[in-house]
Amino acid sequence: MVTTISGRAIVLGDNVDTDQIIPAKYLNTSDPDKLAPHFMENEYPDLAGSIKNGDIIVAGKNFGSGSSREHAVITIKGLGISCIIAESFARIFFRNAINTGIPVIEAKVTANNFEKITVDFQNSRILYSGSEIKFKEYPEFLKNIIESNGLINYVRSGKW
Amino acid sequence: MNKTAVEKIFSEKSGTDSRAGDYVVANVDYVMANDITAPIAIDAFNDLGMKAKSDKIIIIPDHFIPPKDINSAIQYKKSKDFALNNGTWLYDIGNGGVCHQVMMEKGFAAPGRLIAGADSHTNTYGALSAISTGIGSTEAGVIFATGKMWFKVPETIKINLNGKPSRGVEGKDIILNILFRIKNGGAAYKCMEFSGDIKYIDINERMTMANMTTEAGAKCSFFDTDEKTIEYLKQRNTGEYKIVKSDDNADFDQTIEINMNEIEPSIAIPNSPDNVKHVSEVHERIDQAYIGSCTNGRIEDIRKAASILKGRKVDRRVRLMVVPASQEVYNQALREGLIDTIVEAGGYFSGTTCGACLGGYMGVLGPDEVCVSSTNRNFIGRMGDKTSRVYLANPSIVAASAILGRIGTPEEI
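Same order as they appear, the protein sequences are chains U and C. Going by the numbering used here, the first sequence opens with residue 1, and the numbers climb by one from there. Going by the numbering used here, the second sequence opens with residue 1, and the numbers climb by one from there.
Certain hints may be false.
Said to hold, decoys possible - Over the 12 Å line for every Cβ pair with chain U, so calculated as not near, a few chain C residues:
{"no.": "1", "residue": "LYS8"}
{"no.": "2", "residue": "ARG19"}
{"no.": "3", "residue": "LYS56"}
{"no.": "4", "residue": "HIS121"}
{"no.": "5", "residue": "LEU233"}
{"no.": "6", "residue": "ILE243"}
{"no.": "7", "residue": "ASN261"}
{"no.": "8", "residue": "SER272"}
As the list claims (entries may be wrong) - Cut-off 25 Å, straight-line C-alpha distance, at most; resulting in silico cross-link-like pairs (DSS-like, lysine-lysine):
{"no.": "9", "chain 1": "U", "residue 1": "LYS25", "chain 2": "C", "residue 2": "LYS106"}
{"no.": "10", "chain 1": "C", "residue 1": "LYS152", "chain 2": "U", "residue 2": "LYS108"}
{"no.": "11", "chain 1": "C", "residue 1": "LYS152", "chain 2": "C", "residue 2": "LYS106"}
{"no.": "12", "chain 1": "U", "residue 1": "LYS108", "chain 2": "U", "residue 2": "LYS159"}
{"no.": "13", "chain 1": "U", "residue 1": "LYS134", "chain 2": "C", "residue 2": "LYS106"}
Unchecked claim - Just so you have them, the derived chain U footprint on chain C, three or more residues with Cβ under 8 Å:
{"no.": "14", "segment": "30-40"}
{"no.": "15", "segment": "44-53"}
{"no.": "16", "segment": "77-90"}
{"no.": "17", "segment": "123-137"}
{"no.": "18", "segment": "156-166"}
{"no.": "19", "segment": "378-392"}
Note that these hints are calculated values from the structure, not bench results. From the three backbone atoms N, C-alpha and C, an ideal C-beta is built for every residue, glycine too.
The task is simple: from the sequences and hints, build the whole structure.
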């Protein structure tokens with residue numbers, strides 16, 4: 001697992017639901033390249049085009065609420081997002097992220113849009129504009145899945 | 001013992017003495033996926049290269065079914081081929097319907113079971129005292145192969161339902177009022193357990209309530225088992241099951257008292273299911289009235305709608321769509337003459353699908369259109385264009401609104 005990630009903050013609000021992340025009309029495919037351009041298009045039509053590989057989503061409470069569509073995580077991965085930080089996550093989105101190996105962190109971060117932030121996993125902290133936010137380490141069980149880079153590899157490893 | 005029902009079920013299924021907060025790997029009794037979630041699950045399953053636990057797997061195409069376009073047809077075919085090639089359960093066009101309704105009708109949902117579904121509204125089977133929870137696709141694929149999944153045992157919010165609901169108050173109104181209290185995300189990661197005067201709530205209403213615990217962010221729901229539960233199960237091919245109940249001295253996260261006799265017919269206004277008002281405060285004109293979905297597309301819902309529509313006409317500005325939640329519901333509506341009543345009133349009655357609820361097809365809203373719907377979500381753009389607006393209400397209110405041409409109640413017609 002990577003120890004440090006740096007990228008620009010893409011700042012979103014509270015209760016971002018999966019219908020916003022990827023509207024259902026696009027669920028007739030699970031191809032990341034086809035899904036990614038439609039990220040949040042109802043709210044922010046120009047957002048997907050402005051996201052660069054390595055950017056970090058910084059959101060508020062209850063990120064990813066709504067449906068179980070793994071397409072939400074696939075869309076975000078398709079954009080090249082390297083990590084998702086939110087004050088809290090809706091449960092299925094959180095599971096999908098852990099199981100498919102995209103880092104998710106529960107923390108309250110007040111960075112500005114496009115501001116550079118760094119996530120230091122070894123010391124469980126987030127650094128931006130001179131401030132440092134500590135976050136809680138994952139429980140051992142989830143760490144094992146994350147360190148295997150997702151559930152499929154974890155099951156293959158025979159630890160299941 | 002001082003455990004909650006959900007702690008007992010996860011303990012049994014994982015072979016551990018587990019408590020809220022523990023991570024467990026549990027044996028799943030059944031895993032369900034639909035035409036949107038199954039294709040990704042099948043890829044995960046194929047990656048693992050293991051043999052399918054076929055007797056545990058139920059494939060129910062419903063979201064874009066019958067296929068709305070070529071891509072949907074490809075996803076549907078992939079789901080169906082997987083089921084046929086691996087000998088899993090399959091409920092297809094002609095004998096299936098909206099996945100959660102089918103899971104209950106066909107006897108998969110029963111007390112004490114642990115069921116995972118690759119669809120967020122899997123919470124519904126708590127109406128029949130099962131622990132059932134929505135999961136993603138990759139993990140559904142892992143269950144296809146191993147029959148097991150990891151879970152964090154949830155804390156339980158106990159909801160004591162007191163008193164008898166007034167006339168005109170349905171399960172939808174009760175759960176909307178609970179959502180108003182605890183808000184979207186207010187039960188995140190938790191089990192919402194309903195007890196108290198549940199004798200006043202029929203199984204179909206319990207299904208509506210259990211269904212929308214998802215909108216509070218809950219992991220699962222749980223109704224105590226009573227005579228109504230047993231009566232429903234007797235009519236279904238459930239096989240053996242085990243009744244489980246929370247101990248009186250169990251450690252609940254919190255207890256919420258709901259006086260059902262104080263609840264009024266209610267409506268969730270855009271753009272969140274917890275944005276709830278008394279229906280008497282809302283009079284907005286509508287373009288579409290929709291009755292259907294895993295929330296309120298059952299025979300009881302269609303009977304209520306038909307009784308209101310009988311001998312009346314749908315307002316000429318409104319399209320009323322009635323979409324039964326399963327083929328079984330369709331057949332029953334046909335036998336009872338309800339379809340005649342609805343179409344004679346100017347309503348549209350179709351075969352079963354989830355399509356319109358999530359803005360897929362068969363009732364998509366255009367710019368600035370307004371829909372009053374018996375479904376479960378009214379997020380921005382949920383049923384169509386981002387400027388369209390969705391109001392969530394019980395099916396009686398939806399039927400009455402179709403006649404009135406605006407949001408209103410059966411008493412107003």
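A quick look at each hint next to the structure:
no.: 1; hint: LYS8; in the structure: holds (21 Å)
no.: 2; hint: ARG19; in the structure: holds (14 Å)
no.: 3; hint: LYS56; in the structure: holds (16 Å)
no.: 4; hint: HIS121; in the structure: violated (8 Å)
no.: 5; hint: LEU233; in the structure: holds (26 Å)
no.: 6; hint: ILE243; in the structure: holds (27 Å)
no.: 7; hint: ASN261; in the structure: holds (31 Å)
no.: 8; hint: SER272; in the structure: violated (7 Å)
no.: 9; hint: U:LYS25 to C:LYS106; in the structure: violated (29 Å)
no.: 10; hint: C:LYS152 to U:LYS108; in the structure: holds (23 Å)
no.: 11; hint: C:LYS152 to C:LYS106; in the structure: violated (28 Å)
no.: 12; hint: U:LYS108 to U:LYS159; in the structure: violated (33 Å)
no.: 13; hint: U:LYS134 to C:LYS106; in the structure: violated (49 Å)
no.: 14; hint: 30-40; in the structure: holds (count 4)
no.: 15; hint: 44-53; in the structure: holds (count 3)
no.: 16; hint: 77-90; in the structure: violated (count 0)
no.: 17; hint: 123-137; in the structure: holds (count 4)
no.: 18; hint: 156-166; in the structure: violated (count 0)
no.: 19; hint: 378-392; in the structure: holds (count 5)
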